[in-house]
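**Student:** The chain contents come next:
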Amino acid sequence: MRKFLFRISAFVLAIALVVPLLAEGEESVLNRVKDRGRLICGVHGGLPGFSFLSEDGNWSGFDVDYGRAIAAAVLGSPDKVEFVPLKAPERFPALQTGEIDVLIRNTTWTLTRDTQVGADFAPPTFYDGQGFMLRKDLGVTSLEGLAGASIGVTAGSTTELNLTDTMRALGVEFNPVVVEETDTLYNSYEQGRCDVVTSDKSQLVARRQVLKDPEAHIILDATISKEPLGPVTVHGDNKWNDVVSWVVYATFFAEEHGITKANVGTFETGNPEIKRFLGKTGDTGKQLGLSEDWAHQVVYAVGNYGEIFGRNLTPLGLPRGVNKPWTQGGLLYAMPFR
Amino acid sequence: MKILSWLKDNLFSTWYNTLLTVLALGFVYFLSKGILVWAFTDANWDVIPANLQLFSVGAYPRSEIWRVWVVLYTVCALLGLSGGIWGGLPFRFAIGIGSVGFVCALLPLFEWATRGWIFGNVALLGAFLVLGVNVRGLVSKMRPWILGAWLLSFPWTLIMLRGFGENSVLTTNWGGLLLTLILAAVGIVFCFPLGVLLALGRRSSFPAVKWVSTAYIELVRGVPLITILFMAQIMIPIFMPNVRLDKVLRAMLGITFFSAAYMAENVRGGLQAIPKGQYEAAHALGLNYPLTTLFIILPQALRSVIPAIVGQFIALFKDTSLVTIVGLLDLLGIAKTVIANPDWLGLQAEVYLFVAVIYFVFSYSMSYVSQKIETALGVGKT
Numbered sequence: 001m002r003k004f005l006f007r008i009s010a011f012v013l014a015i016a017l018v019v020p021l022l023a024e025g026e027e028s029v030l031n032r033v034k035d036r037g038r039l040i041c042g043v044h045g046g047l048p049g050f051s052f053l054s055e056d057g058n059w060s061g062f063d064v065d066y067g068r069a070i071a072a073a074v075l076g077s078p079d080k081v082e083f084v085p086l087k088a089p090e091r092f093p094a095l096q097t098g099e100i101d102v103l104i105r106n107t108t109w110t111l112t113r114d115t116q117v118g119a120d121f122a123p124p125t126f127y128d129g130q131g132f133m134l135r136k137d138l139g140v141t142s143l144e145g146l147a148g149a150s151i152g153v154t155a156g157s158t159t160e161l162n163l164t165d166t167m168r169a170l171g172v173e174f175n176p177v178v179v180e181e182t183d184t185l186y187n188s189y190e191q192g193r194c195d196v197v198t199s200d201k202s203q204l205v206a207r208r209q210v211l212k213d214p215e216a217h218i219i220l221d222a223t224i225s226k227e228p229l230g231p232v233t234v235h236g237d238n239k240w241n242d243v244v245s246w247v248v249y250a251t252f253f254a255e256e257h258g259i260t261k262a263n264v265g266t267f268e269t270g271n272p273e274i275k276r277f278l279g280k281t282g283d284t285g286k287q288l289g290l291s292e293d294w295a296h297q298v299v300y301a302v303g304n305y306g307e308i309f310g311r312n313l314t315p316l317g318l319p320r321g322v323n324k325p326w327t328q329g330g331l332l333y334a335m336p337f338r
Numbered sequence: 001m002k003i004l005s006w007l008k009d010n011l012f013s014t015w016y017n018t019l020l021t022v023l024a025l026g027f028v029y030f031l032s033k034g035i036l037v038w039a040f041t042d043a044n045w046d047v048i049p050a051n052l053q054l055f056s057v058g059a060y061p062r063s064e065i066w067r068v069w070v071v072l073y074t075v076c077a078l079l080g081l082s083g084g085i086w087g088g089l090p091f092r093f094a095i096g097i098g099s100v101g102f103v104c105a106l107l108p109l110f111e112w113a114t115r116g117w118i119f120g121n122v123a124l125l126g127a128f129l130v131l132g133v134n135v136r137g138l139v140s141k142m143r144p145w146i147l148g149a150w151l152l153s154f155p156w157t158l159i160m161l162r163g164f165g166e167n168s169v170l171t172t173n174w175g176g177l178l179l180t181l182i183l184a185a186v187g188i189v190f191c192f193p194l195g196v197l198l199a200l201g202r203r204s205s206f207p208a209v210k211w212v213s214t215a216y217i218e219l220v221r222g223v224p225l226i227t228i229l230f231m232a233q234i235m236i237p238i239f240m241p242n243v244r245l246d247k248v249l250r251a252m253l254g255i256t257f258f259s260a261a262y263m264a265e266n267v268r269g270g271l272q273a274i275p276k277g278q279y280e281a282a283h284a285l286g287l288n289y290p291l292t293t294l295f296i297i298l299p300q301a302l303r304s305v306i307p308a309i310v311g312q313f314i315a316l317f318k319d320t321s322l323v324t325i326v327g328l329l330d331l332l333g334i335a336k337t338v339i340a341n342p343d344w345l346g347l348q349a350e351v352y353l354f355v356a357v358i359y360f361v362f363s364y365s366m367s368y369v370s371q372k373i374e375t376a377l378g379v380g381k382t
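These protein sequence lines map, in sequence, to chains V and S.
Counted the way this note's numbering counts, the first sequence spans residues 1 to 338.
Counted the way this note's numbering counts, the second sequence spans residues 1 to 382.
Hints may contain errors.
Straight-line alpha carbon distances no greater than 30 Å define the calculated BS3-like cross-link-like pairs of lysine-lysine that follow [unchecked claim]:
(1) V:K261 - V:K34
(2) V:K34 - V:K80
(3) V:K136 - V:K324
(4) V:K212 - S:K33
(5) S:K318 - V:K87
(6) V:K80 - V:K286
FYI, nobody ran anything at the bench for these hints, they're computed from the structure.
Next up, chain V with everything else stripped away, as it sits in the complex (with noise of 0.2 Å):
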């Protein structure tokens, strides 16, 4: 009797666990985002031109664009998107249990995040990395020089662990000035508590345009580490991974080839392939779930890369650097629309 009734309990169990599963697996977020009306994306919510609230209440930045640009593709509003800002810890957990539908909230790619802790990623956005701010009296230009500097990170990245990664390589001496926060980071460094900062590019030159004289700060041109940050999935969702990736492509592939939120509407062409990301041929949207138009929606809402990265990052001071579409020696290629 007894191990008739653990028998029934482990099956029952067993259904337990398996159901959810089963019913998990058998819809994509894509349905889901459909049948809801509207995307739920996650964000940073407090990264300079990458996600904030502006004055009027809505959210901006070019973060916050692809989201927009997705919602246009799949819903075919650029408004029918929540913004969800979220802080570095829970971001995976709310991937996973569906609380979001996509994370673009400058997420590297990483191998043990793309196997271990249950993400897929969309191809990268934006390519940053590593590097470090000082002030130009110092008369450093290289790593080596910063032997005996004390270097302000902030506190559990990744960031304080490619610093002392690098400099053991390099076998220079150096003290780490840990904070905790970012806005107290660039605190410290103008208050001279620490000689150099380091942290992602982007942001490096984001912060010196608004310290006290930016022209007596100087960026070394080394890189530290590689951070390609970009939208992310749950990982298994195939269908719904292909739609995210598809929009990243998009918005490179309408810079490629000139067209823009201007223009979208009225672009002439032979060209057999523009025609297909026009959706004026061929069945790119049948192929993805999306309606045919889906690409013309997203360039009509929020413009091809060049307009979103000008709109957002170039008045931070951000140059385009590897940035750029491939044509232009960037690291940007749109796969082909076929």
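Based on these hints, arrange chain S on the given structure of chain V.
**Tutor:** Leaving out everything else, chain S in the frame of chain V:
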């Protein structure tokens, strides 16, 4: 002459007092000089008026902002009515709020439309105040109704802010001072009865009730609020994948359950201070347990712990800022996103100072009102 002798008596009575006075004055001088010079020359205060709406309501859609005003109008009407009917402290409180609103509307801080809304609020408050004063003598039984209306204003506020159907406002868009006040109000209103029940439960003679209450109180007091908020935001969705609880609701629950445990201990302190004779006298009069508790014990117990309870309410109000860590944009969260706007980059000192002043104004008002309540109830007097 009076001033000189006061100065001599209090500040320069001995050589060491003179020395301390001079040192303290020097310290105050340098500190305030630094702050004032910064505030009037270096600081860029433009960031505050430009983002005033963000600080007040966060990402609340501008087309639906009338909902917030309706709620404010309701509160003002109720406040005016209560002030008029009760007189005394509520009356002065209503006058105080009205004056602050009036001054705000006069100053060119806000847009014309906003100033109009504020004027409307002040006018409504005044009208209901007058109404209340006039009906005071006529219907002395109004008071329970007013209290009931205050209770009803609670769900009314939440429903009004949330809305229905097409134009409903998602709670993820609630932010700024609005969210801070809602979280604090919900926390305060619900943790109080829960805390009283837990305190009574812990002193109960039924072992089951006693042990459950004790276990709850000790368990919750054993973990930081931050942990509870993280549990609510991250663990609940993992444990219950098919139940989607609203994010703001989860924060409300976390704050309420957390505060209830502390509230229970405060109330228990008051209960233990009641002499046994009070219970015995109540029994002798033939009152049963609920009646004794409700009419004899609790009124005395709560009166004696008002300072502790208000202290906890103030702490709760400030603790709501922890929801920033789980990604809700309360007043502090809004401050963080404002300084991420490229237009206002690097202005954290100004923004945080502004937010600190707001927290101070609210906390100090609570403290002031509680002092007045204590005086009115004669707490600490025998």
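**Student:** Provide an ascending list of the numbers of those earlier hints which the structure does not satisfy.
**Tutor:** Of the numbered hints given earlier, the structure breaks none, since each of them holds.
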